[in-house]
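Protein chains: 2
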Amino acid sequence: YCKEIFKVLKAHDVRYFFYIGGNDSSDTVRIVNEQAQLAEYEFRAIHIPKTIDNDLVLSDHTPGYGSAARFVASAFAGVNLDNRALPGVYIGVVMGRHAGFLTAASALGQKYPDDGPHLIYMPERPFSRDSFLKDVKKAYDHYGRCIVAVSEGIVDEEGKPMISKLTKNVERDAHGNVQLSGTGMLGDLLCDLVRDKLKIKRVRSDTFGYLQRSFLGCVSDVDQREAREVGERAAHYALWYNLDGSISIQRTGYYSVNYQLEKLSDVARKTRHMPDNFINAEGNNVTDDFRYYLRPLLGSGYPVSHRLRAPKVSKVLRTED
Amino acid sequence: YCKEIFKVLKAHDVRYFFYIGGNDSSDTVRIVNEQAQLAEYEFRAIHIPKTIDNDLVLSDHTPGYGSAARFVASAFAGVNLDNRALPGVYIGVVMGRHAGFLTAASALGQKYPDDGPHLIYMPERPFSRDSFLKDVKKAYDHYGRCIVAVSEGIVDEEGKPMISKLTKNVERDAHGNVQLSGTGMLGDLLCDLVRDKLKIKRVRSDTFGYLQRSFLGCVSDVDQREAREVGERAAHYALWYNLDGSISIQRTGYYSVNYQLEKLSDVARKTRHMPDNFINAEGNNVTDDFRYYLRPLLGSGYPVSHRLRAPKVSKVLRTED
Chain A
1 YCKEIFKVLK AHDVRYFFYI GGNDSSDTVR IVNEQAQLAE YEFRAIHIPK TIDNDLVLSD
61 HTPGYGSAAR FVASAFAGVN LDNRALPGVY IGVVMGRHAG FLTAASALGQ KYPDDGPHLI
121 YMPERPFSRD SFLKDVKKAY DHYGRCIVAV SEGIVDEEGK PMISKLTKNV ERDAHGNVQL
181 SGTGMLGDLL CDLVRDKLKI KRVRSDTFGY LQRSFLGCVS DVDQREAREV GERAAHYALW
241 YNLDGSISIQ RTGYYSVNYQ LEKLSDVARK TRHMPDNFIN AEGNNVTDDF RYYLRPLLGS
301 GYPVSHRLRA PKVSKVLRTE D
Chain B
1001 YCKEIFKVLK AHDVRYFFYI GGNDSSDTVR IVNEQAQLAE YEFRAIHIPK TIDNDLVLSD
1061 HTPGYGSAAR FVASAFAGVN LDNRALPGVY IGVVMGRHAG FLTAASALGQ KYPDDGPHLI
1121 YMPERPFSRD SFLKDVKKAY DHYGRCIVAV SEGIVDEEGK PMISKLTKNV ERDAHGNVQL
1181 SGTGMLGDLL CDLVRDKLKI KRVRSDTFGY LQRSFLGCVS DVDQREAREV GERAAHYALW
1241 YNLDGSISIQ RTGYYSVNYQ LEKLSDVARK TRHMPDNFIN AEGNNVTDDF RYYLRPLLGS
1301 GYPVSHRLRA PKVSKVLRTE D
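Chains as they are written, first to last, in the numbering used here: chain A, 1 to 321; chain B, 1001 to 1321.
Some hints could be false.
[Claimed, not checked] Interface residues of chain A toward chain B, partial, derived using beta-carbon atoms under 8 Å:
id	residue
1	A36
2	A39
3	P126
4	L189
5	R213
6	T287
7	R291
8	L317
Don't read these hints as lab results, they were simulated from the structure. We put the CB at the ideal spot given by N, CA and C, even for glycine.
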C-alpha cells in the first residue's frame, strides 16, 4: 500500500512528502521513505503530528489534542450545571482506545470542589465493574448526584475491552478490532448496570462520538498556532536542512514550546500512555500534575461557570404544614 | 404542587416571583399567580422565557435557542469535514420532542453546496422509513456520502414516536411519555436500518444528548445579551408597572428585537412549531427562509470552514500499472 504511494510520488517527480496524522500515519511516512531509499530516489519525507489522542511518543503533546480537550472540558462543565439542576448519574463516554488523555481532560470542566466529573476512568488502569459501582454509590451518596467520564477504550484486568465484556453484540473491523466509536452502546450498558445494581432512577449517558474530534466551535488558539508551526518546521527541515523525520513538540516553560526532529523509526507505531503521576492512586481520577500539564493547551478565553452566593434563607414552613 | 410553591412564597412574604423556563414553567407561573389572586395576596408573577426548543408561542425566538443552535450548527460543520475525510453515512440525533427548530439549525453547518447535512428530519413532518432510505440512497449515490440530521422526536404518519416503532424496549416516564434523551437508541436503530437495507458499510451515528443544551464553549453573544434583557424587562414590568405576564421577543429588523409582555394564559402550555415556509416540500430539509431567520441568532464569530482550491493534477499512473 505504501509502495503504491511511492510509485505515484515518483511518477509525478514529487521530491517532498509531508503527511499529517498520528501513529499509523508516521509509519506510512517511514515506509514510503524506505522505498525511496531502496530506489536511491532523492526524496524527503516528514511526518507532521496531528492526533486528538495525544499519544505520540517523544512529544509533550500533539496538535489536535488541545482543541479536543477544550471540547471535552467545556462539555463536562456544562453537563455539570445541567446535572446540578436535574440530579442523577451522568456518564459521558469519551474517545480513546489506548490512551486516556482526552478522557482525563474532562477534569478541567470542574471549578468548585463539588463539581463533576466526580470519577474518571482511563484505559491505563483496569476497569472493574465492582469498584465502578462502589465509586458511583459513594459519590452519589455524598453529592446527591454523580458525573462520570469514561474512556471508550476501558479494559478489564485481562486487557479485554469492557464493551465486549458487557455484551456479545459488537461490530468488528477487518483487523478484528472491536468498533468502539459511532455507537452509544458502552454508555447504555453502564447506565443499565447503575440502574440495576444501585437502584438509582435518573441515569443518563452521552457518547461524545465524532463531535469531540471535529467540533468547529471551540478551537484552542494555542493548539491552532502550534498546528501551523509544526507544519512550518516540517517545511524548514525538508527544504533548508534536507532531513527526514517526525516533528515533536517539547515544552520549555509555562507555557512555551520548542520543536524537534525525531527519527521516524522512534515514533512510528508507538503509543504514549498517561504517565503514572497523572492518575490518582485509586485509578478513578486525575492528579493536579495533569491539570497543570493540560491547562495551557486549552488556550485563551476558556469559559468558566459562576455561582450566586446569596445567604441561605431559613426555613419558615415545615414540610408537614 | 404549584399550591405548595405559593404557600412557601406567602410564608416568606415574597411579593415577586420570577420564574425562568419554557412552556411548563410558564404554566407554573400562571397557576401560582391564580393562587395569589384567590388569596387576594398582593403579588406579581412573571415568566422569563428560556428554552433551547424555541417553541414558545408569540415569541420570534427564545433565549437559549441561539446558543444551542450554534452548538448544533458547529457540530455539523465539523462532522461534515470528518465525513469528507472518511466517507459514509452519518446520522446526528438532535433534541426536540415536538418542534424541529434545533434540528433545523444543523443546516447552518453547511457552507459549500455539497456540504452536509444533506437531509434534515423534523417532528413537524411524518417520518417514513421508506422515504428515509430512498433519500439516503439518493444522497449517497450523488455525494459518495450522506449526513443526516434527525430530531429525537420524529413521528410516523399516525403520530407515534419512531423510536417506539423501531423497538419495543423503551423507557417511559411517570406520565407514560417515551424517554427520548439520554440514550443512543434512535441513532443506533437508524444506522442498523441503513446498513441492512442499503448495504452501506460505514454507517455511524451520534446522539448529541445533553451537550447541545449545556455546552459552555460556544455561547452566542446575541443570545446571551437577550437572555439578560428579558430578565431586566421582567423586573421592569413587575416593579415599575405592577404587571404579571410572560416576556416575549419580537424581531424588529435584521437584526434587532423588542420585548413585550404577554398574558400568561396566552403562552402557558402552548407549543410553537416550525412554520411551513421553513420546511421544504419533501419534508427532508429546511428553506432559505429558515436560514435567514436563524443566522443572526448564532451571534458573532461563528466559525466557517475553508477549502484549498489548488488545480487538480492530471493522472500519470494508471491503476493497472
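Supplied contact hint for L189 of chain A, tested at 8 Å Cβ to chain B: violated (11 Å)
When the least beta-carbon distance from L317 of chain A to chain B is tested against 8 Å, hint result: holds (5 Å)
Chain B contact restraint for A36 of chain A - C-beta distance below 8 Å: violated (16 Å)
Hinted contact R291 of chain A with chain B - closest CB pair below 8 Å: With a minimum Cβ separation of about 17 Å from chain B (threshold 8 Å), the hint on R291 of chain A is violated.
Restraint outcome when A39 of chain A is required to lie within 8 Å of chain B by C-beta distance: violated (15 Å)
Restraint satisfaction for P126 of chain A [CB to CB of chain B, less than 8 Å]: violated (25 Å)
Supplied contact hint for T287 of chain A, tested at 8 Å Cβ to chain B: violated (24 Å)
Interface hint outcome for R213 of chain A [beta carbon to chain B under 8 Å]: holds (7 Å)
Hints 1, 2, 3, 4, 6 and 7 from the earlier list are contradicted by this structure; the remaining hints agree with it.
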